[in-house]
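Chemist: Next come the chains, spelled out residue by residue.
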Amino acid sequence: MGAFWTIAVKDATEIWRDGRFRWAAGLLLMLIIAAVAGGVHNQSQIARQHADAQQAERDVWLDKGDMNPHAAAHYGAFVFKPVQPLSAIDPGLDPFVGVFVFLEAHKQQLARHRPIEDATPTRRLGQLTPASAALVLLPLLVVSLTFSSVAAERDQGTLRPLLAMGVSRASLLAGKALGAMLPLAAVILPASAVGAAIVFWNAPADPDAPIGVRAFGMAVVYLAHAVIWIAIGITVSARARSQGAALVVLLALWFANAFMAPPLAMAAAKWFDPSPSALEFAASIQDEKDTWPTWDQRVDGVMERFLEGEFESTMAPSNVEVVALLESEADETALYDRRFAELFDLYAKQARTFERAAIVAPTLAARSLSMAFAGTDEAHDRQFADAAGRYRSAMLTTLNSELAASGRVNTFDYVRGRDLWEQVPPFDYDVPFARWALAERWLSAAVLALWLVAAAVAAAWSVATMRVE
Amino acid sequence: MMHPRAGYGGLVAFLARHEWRVLSSSAITRVVLVVFAMVLLIAGLLGAARTLRERETVRTFEQRAVQQRLQTTAIRADVAANERGWLALLPPSALAALAVGQGDVYPNYIKVTARSLDAMVSGDQIEHPQAVASGAFDVAFVILFLYPLLIFAISFDLTASERDRGTLRMVLSQPVTLGQVVAGKMIVRALILAVPVVAIPIAVAATASPLDAQFVLRGVTWTMAVLVYGFVWHGLALVVNARGLSAPANALVLAGLWLLLSVVGPSFVNLAIAVQYPMPSRVQAAVEARNATQEATVQGSQQLGQFLQDHPTSANVGRDGMRQFAMLQASRDQRVADRLQAVEASFDAQLRRQRQLASWLSLLSPTMVAQVALLDIAGASTYRFDHFREAVSVFQRDWRSFFEPRVLDAATLTPAEYAAAPTWHYQPELPVFMINRVMLRVVALAALAAVLWWVGFKRYEGYQL
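In order, the protein sequences belong to chains A and B. For the first sequence, our numbering assigns the number 126 to the initial residue and increments by one for each residue that follows. For the second sequence, our numbering assigns the number 2 to the initial residue and increments by one for each residue that follows.
It should be emphasised that the hints constitute simulated quantities derived from the structure, not laboratory data. All of these numbers come straight from a predicted model, not from anything done at the bench. Each hint should be verified, as a subset may be incorrect.
As a list, the in silico DSS-like pairs of lysine-lysine whose alpha-carbon atoms are at most 25 Å apart [claimed, not checked]: (1) Lys112(B) with Lys232(A); (2) Lys395(A) with Lys474(A); (3) Lys112(B) with Lys414(A); (4) Lys189(A) with Lys474(A); (5) Lys232(A) with Lys189(A).
Bound conformation, chain A alone (with noise of 0.2 Å):
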């Protein structure tokens, strides 16, 4: 055995002798049990409601009776978003996107009713998850280890003698930051045990649902981050003056990373791209239909391209209507798609500032990648409307042309039943893999392990040329 495992063992032995150590771990311990069990709960209740309101939105558009295929399309279809099971992790963004669209003709809107509308006012301060358990309060318990490790030796003066007897100074490194990670285990196994059987019990409704690479992709986020912030605490206790100024130090990185970043990355993000308030959005939008013809114009329009023989002969001329209807719902669909593309766009360019932001705050890039393997993210949020816009054109598609494809000379009375919505399919989505959400958030990966790397030489810097006395 080395000199390292020695010291090792000492730091791990006086912290775990130390009773309020093992005050605070116990109360993580058991704020993220908690948690992860509060999070399940909600994670499968929201999940089951989904999955059942999608049943009997189905039911309902199946058996709403005879009318007219347009009629069906303006009486539209509700899509709900697919609850992810990983969101009982970290419900990420879920509460503050919408839960479920509504797909009709003309118009496209976004997911409406977010939960955070609903919620009391003080939800907006924040709600325990393990998550934030992993990324705010473990990081607090690795500063609460790691201030004094090479200080209190220094402001004892045990350091010299320690040096003296000939322990390397890269041995001190690895002594004190398994020292550090001997107590934090006793935190992160029985957490991650008691979490993942949890999670396991409460396995998912939808068994396609591809969560093994997710949870182990989030696991080596939150132990990556936890190290980065062992290699933060120790270079700064090498560094500090003595171990109050490194605790001070330490806290005020702290309540930089888990407070201060979030929101100020997010305002950077929009300061350099502005997003349309809803006002604006809603306005420009109409003010491009206000340049179109109007339904009237549309018809004679299309009526005199009819006289110019550029349909067939066989279309008779009230089929000129139809016509005209697929057209502007061709541009409306246009029109909306691009708009919210741009939007949605707009939210990547703000994402991709928040990434960027990591690399001075490394909390940053582990909450964006938390959420990514979570499902939870704007990311995946996209990849649901986008999945709800080709349901929605689909669908539209089907019922529109069965309008023109009548033949009818009167389409006004033209009456078609259940044999069509059964054509219309049920509305499936499927998550995308893990590699996908990495792909997507490959930024803050690099930053994260960079950070790494940055930490743990900063840290060995720190002890190879740190003072004695």
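Place chain B on chain A using the hints.
Modeler: Frame of chain A, contents of chain B only:
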């Protein structure tokens, strides 16, 4: 060195002046003050810029609507009433620069139509979900989270080091009591942070708002709420200092208290609310609404003649046909709206009850108590948006009673008739209602602060030198 005739107040003032000299030369205090002032300034300026932009947008859209109405020659009643409708806009409140609050969740406009269905339409407020999740970097955030930490940063060593060095004993050999010394120290510490925390935000907010009665009343209430919130944390620091631990031990205990009351407490309470009092499901409500209106919708569609319902043109049915169409559509809308209203009313009642139940849990943390009060005072709370909706629904009734007969008559409006249609003017809620809502919270915080200060001074009587 002490004036012999100085009474208790005079002595405390003298001690406070001395403490001021000591504190103002310490590096920690300087760093704390500079950081605090800068952060308050940045948050305030971001808020002022946002408010000015919002005010400008609202003004632009108001003018646009008036312009559009003036330029209209003749317009079909249903187009004017429904398609065009009228935008009811919510201008930013007097203290909007200080808090975003729920403003990034609820939209500041509602499009009003004369129909019974879709009478009041608005999209969600557009904001990156990550920005909503992180919360805004506004003055309210700085006050709720950073202010307490900085209070602790300058108060964790009230007397411990002086006691350990023995200088406290020397001071007390003068004709002063320990209570007076501590009072002097506390007053200076409270003042040193109170000045920037009050002055900077109010000064910045004044640049982004007209200085009217709303601004003054809200500004005064805001100041009171911020001060009592600060006094709670000063009181906590006093109580902890009075226990007689060493300075580092005080720092650790205070940091733990902050973590518990400001971070772990609220987030744990929010988890408990989510598990114990979950808000009613919008998803289930949507399905219920669908079921409730199904029959009326389908029946109405059949009556309206299917395809015609969605694409009326005056060309193919004539004015009588249009009148008939309007009548049918209105009666179908009314039937659907009535059923929808029943579902929505029961949902809203359930939502209110759950929020009520959840709100008592939020009394467990001063941060949560202060957050609700500050958002309300700044005009960024749910109440403001509820009040807006109510005011708009009153306006919608006017709008509807003006247009409905004309729509049913399939009329075409002359410019004069169109100009006579009602217009929206936002009347902000009287501050007395806001004061009424927050008073209890502010008084509760003040009472808590008073108890803490009293306990602190009481404990100091047994302080071991």
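Chemist: So, for every hint listed, does it hold in this structure?
Modeler: So, going through the hints one by one against the coordinates:
| no. | hint | in the structure |
| --- | --- | --- |
| 1 | Lys112(B) with Lys232(A) | holds (16 Å) |
| 2 | Lys395(A) with Lys474(A) | holds (9 Å) |
| 3 | Lys112(B) with Lys414(A) | holds (16 Å) |
| 4 | Lys189(A) with Lys474(A) | violated (42 Å) |
| 5 | Lys232(A) with Lys189(A) | holds (21 Å) |
Comparing the model with each numbered hint stated earlier shows that hint 4 is the single one that does not hold.
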